[in-house]
Amino acid sequence: MDTVIKVEGLSHVYSEGTPFEKTAIHDIDVEFYSGQLVAVIGHTGSGKSTFIQHLNGLLKPTSGRVYCEGEDIFATKEATRDVRFKVGLVFQYPEYQLFEETVYRDIAFGPKNMKLSEKEVDERVREAARFVGLSEDLFEKSPLELSGGQKRRIAIAGVIAMRPKVLILDEPTAGLDPAGCEGILKNITDYRHETGSTVLLVTHSMDDAARIADRLIVFHGGRIAMDGTPEEVFKRAQELTDMGLDVPQPAAIASELRRLGAKLPESIYTSAQLHEAVLALLRKGAAD
Amino acid sequence: MLKDITLGQFFPGNTIVHRLDPRTKLILVIVFIAALFTAVDWFSYGLMFLVTAGCISLSKIKLKTLTKGLKPLIFIIVLTGVLNLFYTTGGKVLLDWWIFTVTTEGVKRAFLMVVRIMMLIMGTFLLTYTTSPIALTDGLEILLGPLKKLHVPVHEMSMMMSMALRFIPTLIEETDKIMSAQKARGADFETGKLTDRAKALLPLLVPLFVSSFRRADELAVAMESRCYHGGEGRTRMKQLHMKGRDWAALALGAVVLAATIVMNVYGL
Numbered sequence: 001m002d003t004v005i006k007v008e009g010l011s012h013v014y015s016e017g018t019p020f021e022k023t024a025i026h027d028i029d030v031e032f033y034s035g036q037l038v039a040v041i042g043h044t045g046s047g048k049s050t051f052i053q054h055l056n057g058l059l060k061p062t063s064g065r066v067y068c069e070g071e072d073i074f075a076t077k078e079a080t081r082d083v084r085f086k087v088g089l090v091f092q093y094p095e096y097q098l099f100e101e102t103v104y105r106d107i108a109f110g111p112k113n114m115k116l117s118e119k120e121v122d123e124r125v126r127e128a129a130r131f132v133g134l135s136e137d138l139f140e141k142s143p144l145e146l147s148g149g150q151k152r153r154i155a156i157a158g159v160i161a162m163r164p165k166v167l168i169l170d171e172p173t174a175g176l177d178p179a180g181c182e183g184i185l186k187n188i189t190d191y192r193h194e195t196g197s198t199v200l201l202v203t204h205s206m207d208d209a210a211r212i213a214d215r216l217i218v219f220h221g222g223r224i225a226m227d228g229t230p231e232e233v234f235k236r237a238q239e240l241t242d243m244g245l246d247v248p249q250p251a252a253i254a255s256e257l258r259r260l261g262a263k264l265p266e267s268i269y270t271s272a273q274l275h276e277a278v279l280a281l282l283r284k285g286a287a288d
Numbered sequence: 001m002l003k004d005i006t007l008g009q010f011f012p013g014n015t016i017v018h019r020l021d022p023r024t025k026l027i028l029v030i031v032f033i034a035a036l037f038t039a040v041d042w043f044s045y046g047l048m049f050l051v052t053a054g055c056i057s058l059s060k061i062k063l064k065t066l067t068k069g070l071k072p073l074i075f076i077i078v079l080t081g082v083l084n085l086f087y088t089t090g091g092k093v094l095l096d097w098w099i100f101t102v103t104t105e106g107v108k109r110a111f112l113m114v115v116r117i118m119m120l121i122m123g124t125f126l127l128t129y130t131t132s133p134i135a136l137t138d139g140l141e142i143l144l145g146p147l148k149k150l151h152v153p154v155h156e157m158s159m160m161m162s163m164a165l166r167f168i169p170t171l172i173e174e175t176d177k178i179m180s181a182q183k184a185r186g187a188d189f190e191t192g193k194l195t196d197r198a199k200a201l202l203p204l205l206v207p208l209f210v211s212s213f214r215r216a217d218e219l220a221v222a223m224e225s226r227c228y229h230g231g232e233g234r235t236r237m238k239q240l241h242m243k244g245r246d247w248a249a250l251a252l253g254a255v256v257l258a259a260t261i262v263m264n265v266y267g268l
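Protein sequence lines correspond, in order, to chains A and B. The first sequence begins at 1 in the working numbering and counts up by one. The second sequence begins at 1 in the working numbering and counts up by one.
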């Protein structure tokens, strides 16, 4: 697999040299491969937001390096600016960043900053709107008069329109109702499948992570505590609980059933898997 | 970078300066300023210097913190010094070149003027450093109370002031966040011509205004739902009481002011 982003010995200290000094992340080494959907998990203050802001050069590391497609993103000012277009970052509650008079122009803000031609910009805006399920009738509306969920879609489209190689989303479903969450997550997985780009999803929700990610990274106390497939990570349920994180509900139910004596495999973390395993167990019980 | 702004910053503590009633401190600052401006010569300046140094050491605020506050005003301080240096006549001529004349009197005036401004700034900073914004506005409201008779909306004004102070850190944080979000979309706030940079501020200011209005709306609803209806008949959770130390401090302030006035008359 191709490495898209490589992080070496990354540390970040806030307000260095003042009484408020705080080490947010500590000596992080990690690589992201092309086409992966990675969920970054950790509770508030674990350093995950600080970490992702290094990946597109918004924060400068106190020490360590970040490489995007082999290039050091902090080598020159131009490199740092270019990486913003290669690594698209959608912040938490991105709807508060909308400012243009129309939806269309807001989505076009990123591509226009890339100095693309009018035609190219138009193409990308339409494509991005399609990815997030925004109908073109909304293009001439003011973004401020739309609903919260729609505003968020516009903001996400504004980043997708730059056609980044890596898309990072910080809690994209925070504060949305279940249907809204579902919609956004589906947009994200569809986008990944269609474009083959790498997606990093910062989330609190273990269930979301379990459902759509192929790799999980758990942050704890400014370090990477776990890194692996969902299966590998959710096996270590006790450690997750000790860190104050949940395990996905299906995994929790499975482990409770195991405690009660049901012979279920260790690798269950989605409701589909649990469903299968319980059915298999029942069939086996009936056969015996 | 935005986090470095210290505006009306309060350093909690438990010294006598912190414990004084905010009203006392407000009055003392006015007395202090009056005394500083009646001071004319070495003796009265010496007295003011002792008073300033005494207050600073009592407050246990680090001198470095106070001098840091001087930094943004360095231009004004230097300008005042330079103007006094060249435009004061009298005394022996030290330097005479083209249109510039420097006299001994000029050097003295410049020095005293710079010291005066520095003490003025440090003294007023000491007030905001040792008094919480809430206590400060409370004190101000009571001191300005008599103006209510003239239909000046004193309570509303002080409420507005407390809210403004309260929201400064929030707005700074918000600005930082929106800036990062727009930078992530390739906005450039740092380079380019002045007109480009002014234009680049639009993506920052529009969301900031929108969220400020939203916040103001939410705050108003929150206040109304707790039955806030202005200052009339409103009681306070924290009653301010003048104590012995407050009267003592005020008496001391009066003595200092009287002393500088007397010295002013005798030109000391």
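Among the clues, some could well be false.
Claimed, not checked - Partial chain B-side listing against chain A, Cβ under 10 angstroms, derived:
#: 1; residue: E174
#: 2; residue: S180
#: 3; residue: G186
#: 4; residue: P207
#: 5; residue: E232
As the list claims (entries may be wrong) - Sample of chain A residues with no beta-carbon within 12 angstroms of chain B, all distances over it, derived:
#: 6; residue: T3
#: 7; residue: E8
#: 8; residue: Q36
#: 9; residue: L37
#: 10; residue: Q53
#: 11; residue: P61
#: 12; residue: R84
#: 13; residue: K112
#: 14; residue: K235
#: 15; residue: A252
#: 16; residue: A286
Hints listed in this document are in silico derivations from the structure and should not be mistaken for laboratory results. Glycine included, each C-beta is placed from N, C-alpha and C at the ideal position.
- Is it correct that the beta-carbon of A252 of chain A has no partner in chain B closer than or equal to 12 angstroms? At about 34 angstroms from chain B, A252 of chain A clears the 12 angstroms cut-off, so the statement holds.
- Task: Confirm or reject the statement that Q36 of chain A sits farther than 12 angstroms, beta carbon to beta carbon, from all of chain B.
- Result: Given a closest Cβ separation of 21 angstroms, the condition holds.
- Would the stated hint for E174 of chain B survive a check requiring a Cβ distance to chain A of less than 10 angstroms? Since chain A brings a Cβ to about 8 angstroms from E174 of chain B, closer than 10 angstroms, the hint holds.
- Item | Distance rule for A286 of chain A, whose beta carbon must clear each one in chain B by more than 12 angstroms | For A286 of chain A, whose nearest Cβ neighbour in chain B is about 56 angstroms away, the distance exceeds 12 angstroms, so it holds.
- Message: Just want to verify: R84 of chain A was marked as not at the interface with chain B; is every Cβ pair farther apart than 12 angstroms?
- Response: About 5 angstroms separates R84 of chain A from the closest Cβ of chain B, which leaves it inside 12 angstroms; violated.
- P61 of chain A and chain B, when compared Cβ to Cβ, separated by more than 12 angstroms: The claim stands: P61 of chain A keeps its Cβ more than 12 angstroms from every Cβ of chain B (closest is about 16 angstroms).
- Per the stated criterion, does the least C-beta distance between Q53 of chain A and chain B lie above 12 angstroms, as a non-interface residue requires? Non-interface label on Q53 of chain A violated, nearest chain B Cβ at 7 angstroms vs cutoff 12 angstroms.
- Query: Is the interface hint for E232 of chain B satisfied, with its Cβ closer than 10 angstroms to some Cβ of chain A?
  - Reply: violated (37 angstroms)
- Message: According to the definition I'm using, a residue is off the interface if its beta carbon is farther than 12 angstroms from all beta carbons of the partner; does E8 of chain A meet that for chain B?
- Response: holds (22 angstroms)
- Once the shortest beta carbon distance from G186 of chain B to chain A is found, is it less than 10 angstroms? holds (3 angstroms)
- Using Cβ atoms only, decide whether S180 of chain B comes closer than 10 angstroms to chain A, and label the hint accordingly. holds (5 angstroms)
- Task: Quick one: work out the minimum CB distance from L37 of chain A to chain B and report holds if it exceeds 12 angstroms, violated otherwise.
- Result: holds (20 angstroms)
In this structure, the earlier hints numbered 5, 10, 12, 13 are contradicted, and the remaining ones agree with it.
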